[in-house]
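For this one, chain U is given, so just place chain X on it according to the hints.
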Amino acid sequence: MHVPDGFINAPVSAVTGVVAAGAVAVSLRGARRELGGPSHAFSGGGEKTAPLAGLVAAFIFAVQMLNFPVAAGTSGHLLGGALAAILVGPYTGVLCVSVVLLMQGILFADGGLTALGVNITDMAITTTVVAYALFRGLVKVLPRTRRSITAASFVAALLSVPAAALVFTAIYALGGTTDVPITKVLTAMVGVHILIGIGEAVITALTVGAVIAVRPDLVYGARGLTAPLKLRVGGELVDAPAAAPAAARTRSTKKVWGIGIVTALVLAGFVSFYASASPDGLEKVAHDKGIDAKTKQHATSDSPLADYSVKDIGDARLAGGLAGVIGVGVTVVVGSGVFWAVRRRRAEPASERTPEAV
Amino acid sequence: MGAGHSHRLYRHGHSPVHDLPPHCKLAAVFLFVVVVVSTPREAMWPFALYAVLLAGVAGAARIPAGYLLKRLLIEIPFVAFALLMPFVVPGEQVHVLGLSLSENGLWGAWNVLAKGTLGVAASVILASTTELRALLLGLQRLRLPSILVQIASFMIRYGDVITDEMRRMSIARRSRGFEARGVRSWGVLAKSAGALFIRSYERGERVHLAMVSRGYAGAMPVIDEVTATRAQWTRAVSLPAAALAVCVLGWTL
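Protein chains in written order, with UniProt numbering: chain U, 1 to 358; chain X, 1 to 253.
This is chain U alone, in the form it adopts within the complex (with noise of 0.2 Å):
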């Protein structure tokens, strides 16, 4: 997905710039306060960020070589956006991606120059912020174990992907140089970026799983997950002070909230996806999803070949599908979101610094 250069017409690249060179500059300022993190007293953060950041995005840069068999002889490989924004917050994870990108774009000539603003804002902007969002949300309405850390990156990758195909259709209807009708690039472009999220969000979920178990310390989603300290008062467990806030909140809601969002995402996405994917839909897509190193690329060049492939078969259905899962996905983002920028604000008098502790 990586844009080359005259995709995407000159106003609106230039629009994407700003908005890519916006976004960078605040990550810039929220990636220090991540860096900082909370184990080290001694920084105050601001030099700390360079080469954290900067690992991390070698990581991004080497990962995205690190090749998944899919099946017989093709594979696919990370993209990373997801991975970035739940292993070390979302401001860094738009930083790391971004200079990824960059970097990508002056020394492998990989995405143009002038669209480099267009390939921020898909990729890392809209990848990274999406999976957070959602993974939040889902954080906060699953109980606090490390399973539904890994669940909730797995939904939140799984949306991710597709989410960034969206914004990629969106920008190429403002200012697409070609004239492929849009229902056309929507639809090819969601449905195969859907299967190229199904591959992602296992993968992140299995690779977010894998750090958790190691150093959960490490994770940034997961900073809230410590177990509340506990004191031996006489030889009975008593919660130290600090941790009431958090074993106060009722767990029956977001049970019913857990169940709601899955049921919904299961029934939109998966049951009319079976419904209506022949063999044939499904092996071409694998196909297209594994080229080699790549993979984001041969999905897009492919993509018309893939609404053809599948057109006859249920384009109706297979669209209904995917409008139900980015309808549902949309929702999710929407609704949890100010419901989480509603329930920080209440918290906000309470105590001078909740995003931790919560």
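Accuracy of the hints is not assured; some may be wrong.
Only pairs whose alpha carbons sit at most 25 Å apart, straight line, appear in this in silico SDA-like list of lysine to any residue [as the list claims (entries may be wrong)]:
1. U:LYS230 <-> U:ASP110
2. X:LYS70 <-> X:HIS12
3. U:LYS184 <-> X:GLU92
4. U:LYS184 <-> X:TYR201
5. X:LYS191 <-> U:ARG223
6. X:LYS191 <-> U:LYS184
7. U:LYS184 <-> X:GLU103
8. X:LYS70 <-> U:HIS77
9. U:LYS184 <-> X:ASN104
10. X:LYS191 <-> U:ARG147
11. X:LYS191 <-> X:ARG203
12. X:LYS191 <-> U:ALA10
13. X:LYS70 <-> U:ASP110
14. U:LYS184 <-> X:ARG41
15. X:LYS70 <-> U:ALA10
16. X:LYS70 <-> U:ARG215
17. X:LYS191 <-> U:HIS77
18. X:LYS191 <-> U:ARG215
19. U:LYS184 <-> X:GLN93
20. X:LYS191 <-> U:THR150
21. X:LYS191 <-> X:GLU179
22. U:LYS184 <-> X:TRP110
23. U:LYS184 <-> X:TRP107
24. X:LYS191 <-> U:SER148
25. X:LYS191 <-> U:PRO216
26. U:LYS184 <-> U:ALA10
27. U:LYS184 <-> X:LEU101
28. X:LYS191 <-> U:THR145
29. U:LYS184 <-> X:VAL79
30. U:LYS184 <-> X:LEU113
31. U:LYS184 <-> X:LYS70
32. X:LYS191 <-> U:VAL202
33. X:LYS191 <-> X:TYR201
34. U:LYS140 <-> U:ARG223
Calculated directly from the structure, the hints in this document are not laboratory data.
Okay, now just chain X, sitting in the frame of chain U:
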């Protein structure tokens, strides 16, 4: 590490193009691409002139044509996309060799192919004639926030280290009889990715401590400030200026 920090995309040399200051080259390439992108697609000949201009620069930089063409291959996925375009775009149909093609689609394919190829070629020439460190200095000179340049330089410097670490992990896995086959091996690979993240992050922490203990306080000292004379700027800007002239002609004619 024998190759130092010179990336494999760089071609060592001492040509007029190599000797230009990096920020001039970056600015020139960027402006050139902007001009190319804003050329109307119906004008065919400006693109040919752009290609001639780039060929001239490549010649001055003594980059062999074969090398340049090989590096252009990165564009192939989009070429495939462009080739599909005449078949999927609706609109007036033209018949060529018994195939029914859409006229709009042909224009669109031409547009993406021409502009994309020129952009990639310009970037390839930039990367082949500029050292990595110089590129980063150039970015810094162009007022990219210094922290961003630092992150980029850490990424570039440790990219090889992390990639090698990944390669060693792969050797370790294989020497224990692991073979990546199908979806079932994802768990193992993901654990490797997780371990790689932990190692990278911890390395970052060590690097940070080492730097702090050597007096790092958030900014890298700039030892070799790159400067450009007026003549160098003129030479660098001549490429986009020529392109702009062509572009203006393309709009008016």
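Right, here's what the structure says about each hint:
The hinted pair formed by LYS230 of chain U and ASP110 of chain U fails the criterion: a straight-line CA distance of about 52 Å is larger than 25 Å. For the hint linking LYS70 of chain X to HIS12 of chain X, the alpha-carbon distance of about 17 Å falls within 25 Å, and the restraint holds. At roughly 18 Å between alpha-carbon atoms, LYS184 of chain U and GLU92 of chain X fall within 25 Å of each other, so this suggested pair holds. Straight-line distance between C-alpha atoms of LYS184 of chain U and TYR201 of chain X comes to about 42 Å, which puts the hinted pair past the 25 Å bound.
Under the criterion of a C-alpha separation no larger than 25 Å, the hint pairing LYS191 of chain X with ARG223 of chain U is consistent with the structure, at around 20 Å. A threshold of 25 Å between alpha carbons decides the hint, and for LYS191 of chain X with LYS184 of chain U the separation of about 38 Å lies outside it, so the pair is violated. Annotation: proposed proximity of LYS184 of chain U to GLU103 of chain X holds, straight-line Cα distance about 18 Å (limit 25 Å). Between LYS70 of chain X and HIS77 of chain U, the direct Cα distance comes to roughly 24 Å. Compliance with the 25 Å bound is thereby established for this hinted pair.
Restraint check for LYS184 of chain U and ASN104 of chain X: satisfied, since their Cα atoms lie roughly 15 Å apart, inside the 25 Å limit. Straight-line distance between C-alpha atoms of LYS191 of chain X and ARG147 of chain U comes to about 16 Å, which keeps the hinted pair within the 25 Å bound. Annotation: proposed proximity of LYS191 of chain X to ARG203 of chain X holds, straight-line Cα distance about 18 Å (limit 25 Å). Using a Cα cut-off of 25 Å, the hinted pair LYS191 of chain X and ALA10 of chain U is violated, with the two alpha carbons roughly 43 Å apart.
At roughly 14 Å between alpha-carbon atoms, LYS70 of chain X and ASP110 of chain U fall within 25 Å of each other, so this suggested pair holds. Of the supplied pair hints, the one linking LYS184 of chain U and ARG41 of chain X holds, its CA atoms being roughly 23 Å apart against a limit of 25 Å. Restraint check for LYS70 of chain X and ALA10 of chain U: not satisfied, since their Cα atoms lie roughly 28 Å apart, outside the 25 Å limit. For the suggested pair LYS70 of chain X and ARG215 of chain U, the alpha carbons sit about 43 Å apart, so the restraint of at most 25 Å is broken.
As the CA atoms of LYS191 of chain X and HIS77 of chain U are separated by approximately 14 Å, the hinted pair is consistent with the 25 Å bound. The suggested pairing of LYS191 of chain X with ARG215 of chain U holds, with an alpha-carbon distance near 12 Å, which does not exceed 25 Å. Under the criterion of a C-alpha separation no larger than 25 Å, the hint pairing LYS184 of chain U with GLN93 of chain X is consistent with the structure, at around 19 Å. Taken as a hint, the LYS191 of chain X and THR150 of chain U pair is honoured in the structure, with Cα atoms around 13 Å apart against an allowance of 25 Å.
With a C-alpha separation of about 15 Å, the suggested pair LYS191 of chain X and GLU179 of chain X falls inside the 25 Å cut-off, and the hint holds. This hinted pair checks out: LYS184 of chain U and TRP110 of chain X have alpha carbons roughly 20 Å apart, not beyond 25 Å. For a cut-off of 25 Å, the pair hint linking LYS184 of chain U to TRP107 of chain X stands: about 18 Å separates their Cα positions. Under the criterion of a C-alpha separation no larger than 25 Å, the hint pairing LYS191 of chain X with SER148 of chain U is consistent with the structure, at around 18 Å.
This hinted pair checks out: LYS191 of chain X and PRO216 of chain U have alpha carbons roughly 14 Å apart, not beyond 25 Å. Distance hint between LYS184 of chain U and ALA10 of chain U is fulfilled; the C-alpha atoms sit about 23 Å from each other, no more than 25 Å. Restraint check: the Cα-Cα separation between LYS184 of chain U and LEU101 of chain X comes to about 17 Å, which is no more than 25 Å; the hinted pair holds. For the hint pairing LYS191 of chain X with THR145 of chain U, the CA-to-CA distance comes to about 19 Å; that is within 25 Å, so the pair holds.
Distance check on the hinted pair: LYS184 of chain U and VAL79 of chain X sit about 19 Å apart at the alpha-carbon level, within 25 Å; holds. Restraint check for LYS184 of chain U and LEU113 of chain X: the C-alpha separation of about 20 Å stays at or below 25 Å, so the hint holds. Among the hinted pairs, LYS184 of chain U with LYS70 of chain X is inconsistent with the structure: their alpha-carbon atoms are about 32 Å apart, more than 25 Å. Taken as a hint, the LYS191 of chain X and VAL202 of chain U pair is honoured in the structure, with Cα atoms around 12 Å apart against an allowance of 25 Å.
The straight-line distance between the Cα atoms of LYS191 of chain X and TYR201 of chain X is roughly 15 Å, inside the 25 Å bound, and the hint therefore holds. Taking the CA atoms of LYS140 of chain U and ARG223 of chain U, the gap is about 12 Å. The hint holds against a cut of 25 Å.
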